[in-house]
Amino acid sequence: MRKLMSLELKKYKIGGYIRGALIANVAILGMVLLMIHGVEYADEAVFTSFSEVFIGIDTFVRGTFIVFAAVLLSRFIIDEFKNKSITVLFMYPINRKKLILAKLTIVFLFTFLSIIISDLLVSGAILAINEFTHKMSEPLTASILTEASISFGMNALAASCMSLIPLYFGMRKYSTVRTITTSLLIIMIVCSNNGGVSLNNIIIIPITLAIIGVFVAYAALRNIEHVDVIK
Amino acid sequence: MTCLLRTNQLTKTFQGKEVVSNVNMNIQKGEIYGFLGPNGAGKTTIMKMITNLVKPTAGDIELFGEKLTDTSYHLLGRMGTIIEYPVFYDKLSARENLELHCEYMGYHNKQAIDEALELVKLTNTGSKAVKDFSLGMKQRLGIARAITTKPELLMLDEPINGLDPVGIKEIRDLFKMLSKEYGITILISSHILGEIEQMADTIGVINHGKLIEEVSMEQIREKNTEYIEFTTNDCKKAAFLLEKHLGVSNLRVMDDHIIRVYDPSVPQSSITKTLVMNDVVIESIHKKNSSLEDYFLSLLNGGGIVA
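So the protein sequences, as listed, match chains A and B.
Numbers 1 to 231, taken from UniProt numbering, label the letters of the first sequence in order.
Numbers 1 to 307, taken from UniProt numbering, label the letters of the second sequence in order.
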């Protein structure tokens, strides 16, 4: 399995995506800083407390990497069907389920790790900068940090699961556009934030979406051995 | 000789339409099997079924003495294939593609890649991405990929598409060499008769999803296919005269002006003499050999089907 995953990575040169993820991190950092320091130029600041900042960072990061996941899905799976190179892959003496599972695992892990690492990087940077600017003057307690870490972890897990949903829509016509559009719809649901109210906070919504994501992955694998590979 | 591949009443239906019906093919170990049929006859679908890409609606396939099932992955490792047109990972170079192929096939002889590229004359492409290759180069690379791992069965769907005449000759020689020196069994499909004729040991003719005939080249060559063809102004009279005076029964009126005589015992001179003496004008007369093309066409037409 690890071998299959490393072959996939070799095939698609994952390096470019890692670079993309880093650039996205810088952009998110910039946005969050703007929102903290916005008070200097506008009437109100968006973020005033640490917990608000952490929620903000997490929202941006998840939104970014759910779309990233859609790009990876279309690259690793949908394009492979569209270009018919899947016929080459399926003619190897390797279980089809394993081949697809390897691809899905890469997308899932990449999304999960990117979200966690980006959360930590951006938050770390914000905290470090705050040491100099003191925009947020409340004490940074252990309970704030613990709470933030737990929500980072849970949200990252849910987001990586739901990031597999676009696969279902993308596979229907082997369309990259559909895949990415679906991912945008998902982030409209879970990464919206209207004055502190987010659908993501209604716990049943992210959980349902995550379960749907897992089910989509399962459905992609379930029948793959028995279907005709044409077109 | 043992049978390497056998299909039994193989049938495939796509959306209610039967594209392959009750095909019984037998490919012997070590032979070159030419799979001949017009476009859309079902050649590719059969090949896809052999590689498990498409599942049969009915019937079964026996490969290397084992029945092919949805999970017979291990059998796939013993085959090398090009189906339809060769597909690659476009952004990688020729060598990278072959390296990936070997990894997936579980074949760890790096030298084989150089050998294969050498055999198809693609050694100088360097780091050029496959997406910049010409069709002919892709076809060659496809062949290289199919042969790198020295499979027991080589399955090639229209492998000479996009090759120039010199390339065709090279590739043909390559296939013959692989068959002779490595004992690789080759299943090669084409709609170009001349190609198959020059390579194949056995020919399977397929049309409209049905295997019309499976015959060895030797048998075709042995068949009495020499004939005399002449053009005349009055076919009916000519046919009547030949039958009456020379006792020729095996003749065929091709159209209003052309007649073929399939009787080797009748010399050309006596045909001319008889006809001229009875005032039948002969515009031309030739001795001909029936090529595979005629045989092929006769099979296709004989089945009541016009290709």
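Quick caveat, the hints were computed from the structure, so don't treat them as lab data.
Here the structure is a predicted model, which means the values were calculated and not measured.
No residue lacks a Cβ here, since even glycine has one placed at the ideal position from N, Cα and C.
One should not assume that every hint holds.
[Stated by the list, open to error] Below, simulated SDA-like cross-link-like pairs (lysine to any residue); rule was C-alpha separation at most 20 Å, straight line:
#: 1; chain 1: B; residue 1: 210; chain 2: B; residue 2: 15
#: 2; chain 1: B; residue 1: 288; chain 2: B; residue 2: 235
#: 3; chain 1: B; residue 1: 150; chain 2: B; residue 2: 131
#: 4; chain 1: B; residue 1: 288; chain 2: B; residue 2: 244
#: 5; chain 1: A; residue 1: 10; chain 2: B; residue 2: 91
#: 6; chain 1: A; residue 1: 97; chain 2: B; residue 2: 110
#: 7; chain 1: A; residue 1: 98; chain 2: B; residue 2: 107
#: 8; chain 1: B; residue 1: 176; chain 2: B; residue 2: 165
#: 9; chain 1: A; residue 1: 135; chain 2: A; residue 2: 40
#: 10; chain 1: A; residue 1: 84; chain 2: A; residue 2: 8
#: 11; chain 1: B; residue 1: 131; chain 2: A; residue 2: 124
#: 12; chain 1: B; residue 1: 244; chain 2: B; residue 2: 210
#: 13; chain 1: B; residue 1: 236; chain 2: B; residue 2: 278
#: 14; chain 1: B; residue 1: 273; chain 2: B; residue 2: 214
#: 15; chain 1: A; residue 1: 84; chain 2: B; residue 2: 14
#: 16; chain 1: B; residue 1: 150; chain 2: A; residue 2: 92
#: 17; chain 1: B; residue 1: 91; chain 2: A; residue 2: 79
#: 18; chain 1: B; residue 1: 110; chain 2: A; residue 2: 93
#: 19; chain 1: A; residue 1: 13; chain 2: B; residue 2: 55
#: 20; chain 1: B; residue 1: 55; chain 2: B; residue 2: 84
#: 21; chain 1: B; residue 1: 17; chain 2: A; residue 2: 108
#: 22; chain 1: A; residue 1: 98; chain 2: B; residue 2: 73
#: 23; chain 1: A; residue 1: 3; chain 2: B; residue 2: 73
#: 24; chain 1: A; residue 1: 97; chain 2: B; residue 2: 71
#: 25; chain 1: B; residue 1: 180; chain 2: B; residue 2: 152
#: 26; chain 1: B; residue 1: 91; chain 2: B; residue 2: 137
#: 27; chain 1: B; residue 1: 55; chain 2: A; residue 2: 90
#: 28; chain 1: A; residue 1: 13; chain 2: B; residue 2: 130
#: 29; chain 1: B; residue 1: 288; chain 2: B; residue 2: 231
#: 30; chain 1: A; residue 1: 10; chain 2: B; residue 2: 131
#: 31; chain 1: A; residue 1: 173; chain 2: B; residue 2: 15
#: 32; chain 1: B; residue 1: 150; chain 2: B; residue 2: 181
#: 33; chain 1: A; residue 1: 97; chain 2: A; residue 2: 223
#: 34; chain 1: A; residue 1: 13; chain 2: A; residue 2: 2
#: 35; chain 1: A; residue 1: 82; chain 2: B; residue 2: 180
#: 36; chain 1: B; residue 1: 55; chain 2: A; residue 2: 40
#: 37; chain 1: B; residue 1: 288; chain 2: B; residue 2: 257
[To be verified] Label-pair distances were calculated between CB atoms; the ranges are:
#: 38; chain 1: B; residue 1: 78; chain 2: A; residue 2: 154; range: 44 to 52 Å
#: 39; chain 1: B; residue 1: 123; chain 2: A; residue 2: 10; range: 18 to 26 Å
#: 40; chain 1: B; residue 1: 62; chain 2: A; residue 2: 15; range: 43 to 51 Å
Structure-based check of each hint:
1. 210(B) with 15(B): Answer holds: residue 210(B) to residue 15(B) is near 18 Å, not above 20 Å.
2. 288(B) with 235(B): Holds: residue 288(B) and residue 235(B) sit about 19 Å apart, inside 20 Å.
3. 150(B) with 131(B): Violated, at about 26 Å.
4. 288(B) with 244(B): Violated, because 24 Å separates the two Cα atoms, which is more than 20 Å.
5. 10(A) with 91(B): holds (11 Å)
6. 97(A) with 110(B): violated (28 Å)
7. 98(A) with 107(B): holds (19 Å)
8. 176(B) with 165(B): holds (17 Å)
9. 135(A) with 40(A): holds (11 Å)
10. 84(A) with 8(A): holds (16 Å)
11. 131(B) with 124(A): violated (43 Å)
12. 244(B) with 210(B): violated (41 Å)
13. 236(B) with 278(B): Holds, at about 13 Å.
14. 273(B) with 214(B): Answer violated: residue 273(B) to residue 214(B) is near 41 Å, above 20 Å.
15. 84(A) with 14(B): Measuring from Cα to Cα gives roughly 19 Å; hence the hint holds.
16. 150(B) with 92(A): With Cα atoms ~14 Å apart, residue 150(B) and residue 92(A) stay inside 20 Å; holds.
17. 91(B) with 79(A): holds (13 Å)
18. 110(B) with 93(A): holds (19 Å)
19. 13(A) with 55(B): Judged against 20 Å, a Cα distance of about 33 Å means the pair is violated.
20. 55(B) with 84(B): holds (17 Å)
21. 17(B) with 108(A): violated (40 Å)
22. 98(A) with 73(B): holds (12 Å)
23. 3(A) with 73(B): Distance ~17 Å between residue 3(A) and residue 73(B) Cα, so the pair holds.
24. 97(A) with 71(B): Measuring from Cα to Cα gives roughly 10 Å; hence the hint holds.
25. 180(B) with 152(B): holds (12 Å)
26. 91(B) with 137(B): holds (15 Å)
27. 55(B) with 90(A): holds (13 Å)
28. 13(A) with 130(B): holds (15 Å)
29. 288(B) with 231(B): It holds: about 13 Å lies between the C-alpha atoms, which stays within 20 Å.
30. 10(A) with 131(B): Between residue 10(A) and residue 131(B) the Cα gap is close to 17 Å, so the pair holds against 20 Å.
31. 173(A) with 15(B): Given that 20 Å is the threshold and the Cα spacing comes to 18 Å, the pair holds.
32. 150(B) with 181(B): holds (11 Å)
33. 97(A) with 223(A): Holds: residue 97(A) and residue 223(A) sit about 9 Å apart, inside 20 Å.
34. 13(A) with 2(A): Given that 20 Å is the threshold and the Cα spacing comes to 16 Å, the pair holds.
35. 82(A) with 180(B): Roughly 38 Å separates the two Cα atoms, so the pair is violated.
36. 55(B) with 40(A): Status violated; Cα separation ~67 Å.
37. 288(B) with 257(B): Given pair residue 288(B), residue 257(B) holds - Cα atoms ~17 Å apart, limit 20 Å.
38. 78(B) with 154(A): 44 to 52 Å: About 48 Å separates the Cβ atoms of residue 78(B) and residue 154(A), which means 44 to 52 Å holds.
39. 123(B) with 10(A): 18 to 26 Å: Taking Cβ atoms as reference, residue 123(B) and residue 10(A) lie about 22 Å apart, which means the hint holds.
40. 62(B) with 15(A): 43 to 51 Å: holds (46 Å)
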